[in-house]
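**Student:** Listed below, chain by chain, are the residues.
2 protein chains.
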Amino acid sequence: MKALIYTATEEVRYKETPSPLPAAGEVLIEVQAVGICGSDMHAYRGHDPRRVPPLILGHEAVGRALSGRNKGRHMLINPLITCGECADCRGGRSNLCPHRELIGMRRSGAFAEQVAIAERNLIPVPETMDPVHAALTEPAATAIHALRLAERIQYQPLNRTRALVIGGGSVGLLAALSLRDQGCTEIDLAEINPARRSAAEAAGVGTCFDPQAQRPADAAYELVIDAVGGAQTRAYACEVVRPGGLIVHIGLLDNGAGFDARRMTLQEVTFIGTYTYTHEDLVTSLEKLHNGALGSLDWIERRPLREGAQAFDDLLQGRCGAPKIVLCPLGK
Amino acid sequence: MKALIYTATEEVRYKETPSPLPAAGEVLIEVQAVGICGSDMHAYRGHDPRRVPPLILGHEAVGRALSGRNKGRHMLINPLITCGECADCRGGRSNLCPHRELIGMRRSGAFAEQVAIAERNLIPVPETMDPVHAALTEPAATAIHALRLAERIQYQPLNRTRALVIGGGSVGLLAALSLRDQGCTEIDLAEINPARRSAAEAAGVGTCFDPQAQRPADAAYELVIDAVGGAQTRAYACEVVRPGGLIVHIGLLDNGAGFDARRMTLQEVTFIGTYTYTHEDLVTSLEKLHNGALGSLDWIERRPLREGAQAFDDLLQGRCGAPKIVLCPLGK
Chain Y
1 MKALIYTATE
11 EVRYKETPSP
21 LPAAGEVLIE
31 VQAVGICGSD
41 MHAYRGHDPR
51 RVPPLILGHE
61 AVGRALSGRN
71 KGRHMLINPL
81 ITCGECADCR
91 GGRSNLCPHR
101 ELIGMRRSGA
111 FAEQVAIAER
121 NLIPVPETMD
131 PVHAALTEPA
141 ATAIHALRLA
151 ERIQYQPLNR
161 TRALVIGGGS
171 VGLLAALSLR
181 DQGCTEIDLA
191 EINPARRSAA
201 EAAGVGTCFD
211 PQAQRPADAA
221 YELVIDAVGG
231 AQTRAYACEV
241 VRPGGLIVHI
251 GLLDNGAGFD
261 ARRMTLQEVT
271 FIGTYTYTHE
281 DLVTSLEKLH
291 NGALGSLDWI
301 ERRPLREGAQ
311 AFDDLLQGRC
321 GAPKIVLCPL
331 GK
Chain P
333 MKALIYTATE
343 EVRYKETPSP
353 LPAAGEVLIE
363 VQAVGICGSD
373 MHAYRGHDPR
383 RVPPLILGHE
393 AVGRALSGRN
403 KGRHMLINPL
413 ITCGECADCR
423 GGRSNLCPHR
433 ELIGMRRSGA
443 FAEQVAIAER
453 NLIPVPETMD
463 PVHAALTEPA
473 ATAIHALRLA
483 ERIQYQPLNR
493 TRALVIGGGS
503 VGLLAALSLR
513 DQGCTEIDLA
523 EINPARRSAA
533 EAAGVGTCFD
543 PQAQRPADAA
553 YELVIDAVGG
563 AQTRAYACEV
573 VRPGGLIVHI
583 GLLDNGAGFD
593 ARRMTLQEVT
603 FIGTYTYTHE
613 DLVTSLEKLH
623 NGALGSLDWI
633 ERRPLREGAQ
643 AFDDLLQGRC
653 GAPKIVLCPL
663 GK
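Chains as they are written, first to last, in my numbering: chain Y, 1 to 332; chain P, 333 to 664.
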């Protein structure tokens, strides 16, 4: 089969490679659509010690089952492989499973014509749904999971929350769209890239601004979602959250400073780190994407997998304003 | 009257000063017992820009009302002055009141024979209760407030929680004693000062160890309470908390690095900053201290106020193993 292989820092190559061999309980999926995640870019930059080249990256994938009990059906891949047996898996927090693995990290991912995955990691995609839209389920679930954690501990419901989302990539944008879906009417989005601000504005998420140029009039958000996760955005989040408020930290850009422990304590602010999603979060997200709760999704950019190297380079160089590029092995 | 006045960095002087003049709604209190707080020591070291000498420090106080409707009765002082009108005050989170003031910070505190305070900041102390024990209410309320916030968002009840308290000063020790009171059976306490470890062990809070010399066998605490709040303790907290767990940050030692945003995110850890207490937390704490729920309290060291300068110096030099020194203006 053909695959886009991460071969060295800042290098991915589209080339022939053996098809994966499904292990017991696994099936083969013919990939239809697979999104490029920030973590794929992180690896491509050579910043992720867990993703060692040569490796097929990619974990936001939808495809057609070539074997197993769903043969012929369109399926969403839950890329997080968990044991199903530990206290976390049994306790509804499978994303914390100590044995978890992600495809495209230490095992082959989905930037390929085919990928192998356990049957129990598949979720049926409605037959009428565009696979490219369905490929957005993974980042949407990341956002929806984070909001679920936020709502669980907030002092007021989301529909009475003044919220700031930092970062207009797909997770940030989907967090803002999910907030809107949950009745939140005061949503600001901070993004330094003007093309991404335009995309977010077009998606209608609220007020978009450049945090390097402008400061919101009353920087006192009950909820701040940091979908970037860098030293600068953490410092900004600590600054603009209101006393007693909540910072939800999804991004993993860097582990630099920026966290203001003194303000967090004196102003009784809570910080939640959130990681991925559960199987249920994926099911919820797929449904929301399908029923239009998260809008038209026309901000996705589709490209053929064979042009993947160009897509990675465009993202690296900041030439791409779209919050998400989805690669299609069968052509777009 | 006589008062212990913070006059310069590392200097407090016991000397004559005019008695305070109660404003409208305030009464005069004859101070019986007042604890030395870590924040008083922080000011004494010259590290608190909010506490400018000359100033009477001290806010953990109990005394006899010399005027007002409680005249002659023993009263606990709620040292946090809040507006009672804002959304936070009305919403049960008065500790977040944007207009809040603390006695001994920008207005005179209680290291004195007399202090003025609003009548509504007084809580009656049972007549049979030792004022020195009652003076522990403020740090106990800080600990109990923090546990209340922890319990609100934990995934399991406190009695099924494996907890670590960092710091064996009064707030840390009272947090450990409160955890025990709430049915928690697995409590470790990390403290570098051997005299404080002995005091904590004598108080019977669980396993006490020196985190610089020894590491707990299985460092996977669902709950870590950082009652120190320094770069080192934050780093330690981030390291030993289990995935999906909770760090409660009470201490304000320094604002250095130590926070591991990457681990917090990848392991979905929550961090709550907690600040002081509400009036209700003080009432609860006084009751718990009175009914013995927090043990015998014989670890308190009593000294006369006139020897306050020595007490500050002993604490500064690390010569004092007692988790709390309470000063008594009327002699001990």
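It should be emphasised that the hints constitute simulated quantities derived from the structure, not laboratory data.
Treat each hint with caution, since some may be false.
Quick partial rundown of chain Y residues pointing at chain P, CB under 8 Å, derived from the structure [unchecked claim]: (1) R93; (2) G229; (3) L266.
Non-contacting residues of chain P with respect to chain Y, defined by C-beta distances greater than 10 Å in every case (computed) [claimed, not checked]: (4) P354; (5) L584; (6) L598; (7) N623.
For every residue, glycine included, the Cβ atom is placed at its ideal position computed from N, Cα and C.
**Student:** The structure should be examined with respect to each hint, and the outcome stated for every one.
**Tutor:** Now for the hints, and whether the structure bears them out:
1. R93: holds, 6 Å
2. G229: Result: holds, 6 Å to nearest chain P Cβ.
3. L266: With a closest approach of 6 Å, the L266/Y hint holds.
4. P354: holds, 28 Å
5. L584: Nearest chain Y Cβ is 6 Å from L584/P, so the label is violated.
6. L598: violated, 6 Å
7. N623: Label holds. Min Cβ-Cβ 28 Å, cutoff 10 Å.
Violated hints, listed in ascending order, are 5, 6; each of the other numbered hints is respected by the structure.
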